[in-house]
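From first to last, the protein sequence lines are chains A and B. According to this note's numbering, the residues represented by the first sequence are 448 to 630, in order. According to this note's numbering, the residues represented by the second sequence are 9 to 269, in order.
Quick caveat, the hints were computed from the structure, so don't treat them as lab data. Be a bit skeptical, because a hint or two may be false.
Selected chain B positions facing chain A (Cβ under 8 Å, derived; list incomplete) [stated by the list, open to error]: (1) 23; (2) 30; (3) 42.
Using 25 Å as the maximum straight-line C-alpha spacing, the simulated BS3-like pairs for lysine-lysine come out as follows [claimed, not checked]: (4) B:109 x B:124; (5) B:218 x B:195; (6) B:110 x B:124; (7) B:43 x A:496; (8) B:195 x B:241; (9) B:156 x B:124; (10) A:496 x B:39; (11) A:496 x B:46; (12) B:241 x B:52.
All residues carry an ideal CB built from backbone N, CA and C; glycine is no exception.
Letter by letter, the chains look like this.
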Amino acid sequence: MLYMVFVCFTEQFAGRWAARTFHNNVFVYNIYTFFECVFMSYGIYQCLKAYTRPKKIMMIGSAIFYICYFAFFLTHGIMPYNTWAASVLGVILTLYCFYYFYFVITAEELMDVNTNPEFWWMTAVLFFYFGSTTGNLFHELFSSMQIGNTNIRGLLFEVLVVIFYSLLAYSFICRSRQRKLQS
Amino acid sequence: MQEQTTQITVLVAISTIIFLLMPFVLVFYVKISIKYRKNHALEKTAMKQQFDSEILQTRIEVQDQTMQSIATELHDNVGQLLSLTTLTLNSVDLSNLEKAKKKIENSLGFVNNSIKELRELAKLLHGEQIVATGIGNAIEQEINWLSKSGVYELKVNNQLLGFSETSPDKDLIILRLLQEVINNIIKHAQATVIDIESYFRDGILFLNVKENGIGFEVENKNKSGMGLNSIYKRIEMINGQLNLTSSPNQGTSIFIEIPYP
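Please work from the sequences and hints to get the whole structure.
Here it is as structure tokens:
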């Protein structure tokens, strides 16, 4: 929930304020990416710890991400979009998701995937970051292509965001039901 | 140049679609895989339950068989001996000491025979648990019991005596199979010679029973007849094989192969 508040704040206030003040709000999203990695890694850690001790791989993943993150700033500054960090984050989180799915498939205890909140949360993450990897790979191309008045990159991310938040909402519903049943 | 740009756009579009579809495929695969594993687990549980229930049924049948044998033995053997003892003792005339002494000695002999028979019976009762001491002993016990009837000429080659490996569930089923085969011979075969052979080779336990009875046309005989159905079912349950050959007036041979233990 805290993460959602943070996302809304970035999107609705910080992003708009930066766009008005500096005519470019990309640096807000660059800063947001820093916290995005922390939140997402923590969520994945919570899901993975049911199957393994994920501390080591989470730390390795985070280290790779932050090296790329700061290396980009040192070489390009904070104003352009940090494609290195975004791409690396997408790949790392996607790999974590694959790792989680591997456990789901091979675990002795069979999961009821239809109502499992962790599964749908991870699915949401997989959809968004796997898809966004494409967006990041073809960043320049998508940014220059238009369908009518809409930028292709923007359109792609809008679709991904809809899928992401729909799955997150469903995951929260599952969690709420699970809590009610447990109480 | 225009064509090249179109090609790149198409390529990018295809790879984007693939990237977007991949998670769908993965989630679908996970769901299918879990569903398949759930079904498989259910099937396994059902099979285990069926196996357990069959083992229970077999155990009950082995107990029934033992009880029947004991009842027959008590009625035909020990009962007769004790009746004879009573009759002999009743007819003792104490005025004729020499005759009385002979009758009492005879009675004593009958009582001793009864005790001996009762000991044999106790062994039979123990025989129900004998399967735990090894399949070879259990088969031997069954053969001893058959030989006591004196009706059949038995040719026995039991190489499993002293066989060290055990498999409690399989042993119980094998013993019951032998009992059923012997019962069928007693009830239907009208045989005079029974040849029983058992041995173990290369992880397979062999149990062969041949007799020289009236035989039957294997093709015409329904499997469900003569208790063959339950024999086939049990053989299948322990992944064994049964080969039955028979023809009218030529006797019947049953060859059983069971992976063991």
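Hint by hint, where does the structure go against what was stated? Just the numbers, ascending. Going through the list in order, the structure violates no hint and respects every one.
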